[in-house]
Structure formats: structure tokens, C-alpha cells
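Visitor: For reference, the chains in residue letters:
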Amino acid sequence: MTKIYVVDDDVINSKVFAKRLTKRGYDVTYFSSGPQCLDFFSDFDKRHDAIIILDILMPEISGLEVLSVLRKNFSPMDLPVIVMSGNEDVERIVECLSSGASDFIGKPANIDIAIARIKTQQDLLSFHRGNMKKKQLETINSMVATFNHEINNPLTIALGSLRRDFSKIDERRVGIAVNALERIANIVKKIERVTEYEVEEEVYVEDTNMIKIDH
Amino acid sequence: MNDQLIDEKKILFEFSDDFDIFTELVDDYKEGCITMIQAIEDALKSQDSASLRITAHTLKGVSSNFYAPALKEVVFTLEKKGEEQDFSNTEELFNQLKLVNTIVVKELSVFIERNSSLLDTL
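In order, the protein sequence lines correspond to chains A and B.
Just so we're aligned: the first sequence equals residues 1 to 215 in our numbering.
Just so we're aligned: the second sequence equals residues 1001 to 1122 in our numbering.
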């Protein structure tokens, strides 16, 4: 579940906005200042899904300054930030988007527009997470193939040597060693079969993309 | 209806599904606007342009929920005065703000009273 963080020094408006989102099923937390928000996100786990709704004009530090600090640690894909402002001049909107904002909402926020924009960011976040997982699987696949190769060479040498010198060495011990190495060889074959799998993304259920490993 | 400062149609369009929340908002505003207007007065007295800008901006933000152009205009003008560090005619503007705000608050109370049946549907 994506958590929504509203950052706005305007307590009254934020309370209204948060209540309206909560009523529509969102999990909302409110910060009344930029420093409070930055303090919370200073050790935030990127793996958690979150969207920030950030007011621009605030005392202490402005929303754009908050955004600038956040973007040092979180890309727009890691942490979408939708900025809010009562000033809807083209220059202001461009400034916000150029500074790393994911989207812009005018104040007072029409709740349907706000939710539509939140949903867009949720979809993008979900797509990004899926993409990351796919890349992780591809990386693991590649690493497994490399390890497979690294094990296989000395394994082949060891097995070959043992079989050649079989008559000069303790049969029982050699037999144990050969069995152990043959078990490793079987594991290597299994690893080899895994690296032949293709990672595909298929739609299993409407609106849900699941990654399927196929071969 | 045309002499009203608040636009009831727009309020209903935005808040008819959240009339309970709107009612709370008005209650919060009735308390909060006193503090915000006092803060504006303090900023004007001390000629603190930064404070004037921020407090007027906040009041503008909250009051914009009521679709009251006259209120928004006077608060925005004060906000601009703060931004431009221009304190000319601010006494007149401030008196206008107090007057307009009083009328808006009264109209909101009547509006909520008249539309209280919306709370029963929620």
C-alpha cells in the first residue's frame, strides 16, 4: 500500500486534504514543516512505496529546498513528489518540474484531480518496481552462469585426475571423493538449466503484472 | 445570491461528498482566521514583509476553499505587498480584509445551516 505524506505549514488545509484522502482509502501522514519531512526521510527505506504531496511556500525552508534535498537521495522513480501551490503561473510550474517534482497540483486541490495524479504516480512506481525486479533477476541469472563456469572447470580437472590415478590410491576414499564431486557436477548441471530460463513479464490478473520464469 | 461573497455552487461541486469535512473546515477556519489576521496585523505593525507574505499566503490558501473572490483578492494583494516590501495603503487593505472576512464567515454559517441535510446522506 502506497503511503501518502502531506507536507504543508497550513494546518487547516492539510487536515482537510488528508481527511479527504483518508476517506477515499489512502494511508496519510502529515508534516507541518520541511525540516520535519526531511528528518523523517533521512533514513527512509527506498523499498517502501511512498508519495509526497509538498507545499511550495513554507516558512523555515521552502518546498523547493525540501525537494532539492530529497532528490539528492531519492530519484523521482524511488520517491514521487507532487508539489502543491496556490501560484499556478507557468513559470512556477516549470520551475517545480525542472527541480525534480513528479507533478503539480494547484491549491486549493480539487480532490478528484489530486487522486488522479496520485494514481498516476502509483502506477509509475509499480512499473518501476517491476522493472527493477526483472533487472535483478537478469543480474542473478548472469552471476549464476559465471559461477557455473567457475565451478565447472576445476571440477572437470579434479574428476579427471581422480579417475586416472584410481589404482594407486585408497579405493574407498577416492570413491567418496568421486561421489562428492559427481554430486557437485549434478548441481552444476542444475545451475546450468536455471541460466537457460527466460524472464518474462505476463499479465496474470487484470491490472496486476506478475513476473513469470519460463524456459 | 449574486451579492454573496462565497460561491455556493462551486463549494457544493467540490465538497458535496465531503460536507462533513467541509463543516469541520469552516469551524477550524472560524478559529484559525482570528490568529492569521492577528499575525497579518502584527506583520504590518512591525513592517515585517517576509512575515506578511507568508501569513497572507497561508490565509489565502485556506480561504480559497470557500470560493470567495473578494476575500482572495484582498489577501493576495497583501501577500504581494509583502513580497514587494511595499507597505503603502496596507492599513486600508487590512480594514477591508477584516470586513470581507466577517461577511464570508457569516455567509458560511448560513450556507452550512441551509445545507445541513447533506450531512444526513453521509
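I should point out that these hints are in silico values taken from the structure, not numbers from a laboratory.
A portion of the hints provided could be inaccurate.
[Stated by the list, open to error] Below, a list of computed lysine-lysine pairs in the DSS-like style, where the Cα atoms sit at most 30 Å apart:
{"id": "1", "chain 1": "A", "residue 1": "K19", "chain 2": "B", "residue 2": "K1010"}
{"id": "2", "chain 1": "A", "residue 1": "K72", "chain 2": "A", "residue 2": "K23"}
{"id": "3", "chain 1": "A", "residue 1": "K135", "chain 2": "A", "residue 2": "K119"}
{"id": "4", "chain 1": "B", "residue 1": "K1045", "chain 2": "B", "residue 2": "K1010"}
{"id": "5", "chain 1": "A", "residue 1": "K23", "chain 2": "B", "residue 2": "K1072"}
{"id": "6", "chain 1": "A", "residue 1": "K15", "chain 2": "B", "residue 2": "K1080"}
{"id": "7", "chain 1": "A", "residue 1": "K15", "chain 2": "B", "residue 2": "K1098"}
{"id": "8", "chain 1": "A", "residue 1": "K15", "chain 2": "B", "residue 2": "K1010"}
{"id": "9", "chain 1": "A", "residue 1": "K15", "chain 2": "B", "residue 2": "K1009"}
{"id": "10", "chain 1": "B", "residue 1": "K1106", "chain 2": "B", "residue 2": "K1009"}
{"id": "11", "chain 1": "B", "residue 1": "K1106", "chain 2": "A", "residue 2": "K15"}
{"id": "12", "chain 1": "B", "residue 1": "K1098", "chain 2": "A", "residue 2": "K19"}
{"id": "13", "chain 1": "B", "residue 1": "K1010", "chain 2": "A", "residue 2": "K23"}
{"id": "14", "chain 1": "A", "residue 1": "K15", "chain 2": "B", "residue 2": "K1030"}
{"id": "15", "chain 1": "A", "residue 1": "K19", "chain 2": "B", "residue 2": "K1030"}
{"id": "16", "chain 1": "B", "residue 1": "K1045", "chain 2": "A", "residue 2": "K19"}
{"id": "17", "chain 1": "B", "residue 1": "K1080", "chain 2": "B", "residue 2": "K1098"}
{"id": "18", "chain 1": "A", "residue 1": "K189", "chain 2": "A", "residue 2": "K119"}
{"id": "19", "chain 1": "B", "residue 1": "K1009", "chain 2": "A", "residue 2": "K119"}
{"id": "20", "chain 1": "A", "residue 1": "K19", "chain 2": "B", "residue 2": "K1106"}
{"id": "21", "chain 1": "A", "residue 1": "K135", "chain 2": "A", "residue 2": "K189"}
{"id": "22", "chain 1": "B", "residue 1": "K1106", "chain 2": "A", "residue 2": "K23"}
{"id": "23", "chain 1": "A", "residue 1": "K119", "chain 2": "B", "residue 2": "K1010"}
{"id": "24", "chain 1": "A", "residue 1": "K3", "chain 2": "A", "residue 2": "K72"}
{"id": "25", "chain 1": "A", "residue 1": "K3", "chain 2": "A", "residue 2": "K23"}
{"id": "26", "chain 1": "A", "residue 1": "K119", "chain 2": "B", "residue 2": "K1106"}
{"id": "27", "chain 1": "B", "residue 1": "K1106", "chain 2": "B", "residue 2": "K1072"}
{"id": "28", "chain 1": "A", "residue 1": "K23", "chain 2": "B", "residue 2": "K1009"}
{"id": "29", "chain 1": "B", "residue 1": "K1030", "chain 2": "A", "residue 2": "K23"}
{"id": "30", "chain 1": "A", "residue 1": "K3", "chain 2": "A", "residue 2": "K189"}
{"id": "31", "chain 1": "A", "residue 1": "K19", "chain 2": "B", "residue 2": "K1009"}
Visitor: Look at each hint and say if it fits the structure.
Guide: Quick rundown of the hints versus the structure:
1. A:K19 with B:K1010: 20 Å, holds
2. A:K72 with A:K23: Status violated; Cα separation ~33 Å.
3. A:K135 with A:K119: 24 Å, holds
4. B:K1045 with B:K1010: 36 Å, violated
5. A:K23 with B:K1072: Holds, at roughly 28 Å.
6. A:K15 with B:K1080: Given that 30 Å is the threshold and the Cα spacing comes to 26 Å, the pair holds.
7. A:K15 with B:K1098: 24 Å, holds
8. A:K15 with B:K1010: Satisfied, since the Cα-Cα distance of roughly 20 Å is no more than 30 Å.
9. A:K15 with B:K1009: 23 Å, holds
10. B:K1106 with B:K1009: 17 Å, holds
11. B:K1106 with A:K15: 22 Å, holds
12. B:K1098 with A:K19: At roughly 29 Å apart (the allowed maximum being 30 Å), K19 of chain A and K1098 of chain B satisfy the hint.
13. B:K1010 with A:K23: At roughly 21 Å apart (the allowed maximum being 30 Å), K23 of chain A and K1010 of chain B satisfy the hint.
14. A:K15 with B:K1030: Holds - the C-alpha atoms of K1030 of chain B and K15 of chain A are around 15 Å apart, at most 30 Å.
15. A:K19 with B:K1030: 19 Å, holds
16. B:K1045 with A:K19: 36 Å, violated
17. B:K1080 with B:K1098: Judged against 30 Å, a Cα distance of about 18 Å means the pair holds.
18. A:K189 with A:K119: Not satisfied, since the Cα-Cα distance of roughly 45 Å exceeds 30 Å.
19. B:K1009 with A:K119: 27 Å, holds
20. A:K19 with B:K1106: 25 Å, holds
21. A:K135 with A:K189: Judged against 30 Å, a Cα distance of about 24 Å means the pair holds.
22. B:K1106 with A:K23: 28 Å, holds
23. A:K119 with B:K1010: The hint holds at about 25 Å.
24. A:K3 with A:K72: This hinted pair holds, its Cα atoms lying about 21 Å apart.
25. A:K3 with A:K23: 14 Å, holds
26. A:K119 with B:K1106: 38 Å, violated
27. B:K1106 with B:K1072: Holds, at about 16 Å.
28. A:K23 with B:K1009: 23 Å, holds
29. B:K1030 with A:K23: 23 Å, holds
30. A:K3 with A:K189: 44 Å, violated
31. A:K19 with B:K1009: 22 Å, holds
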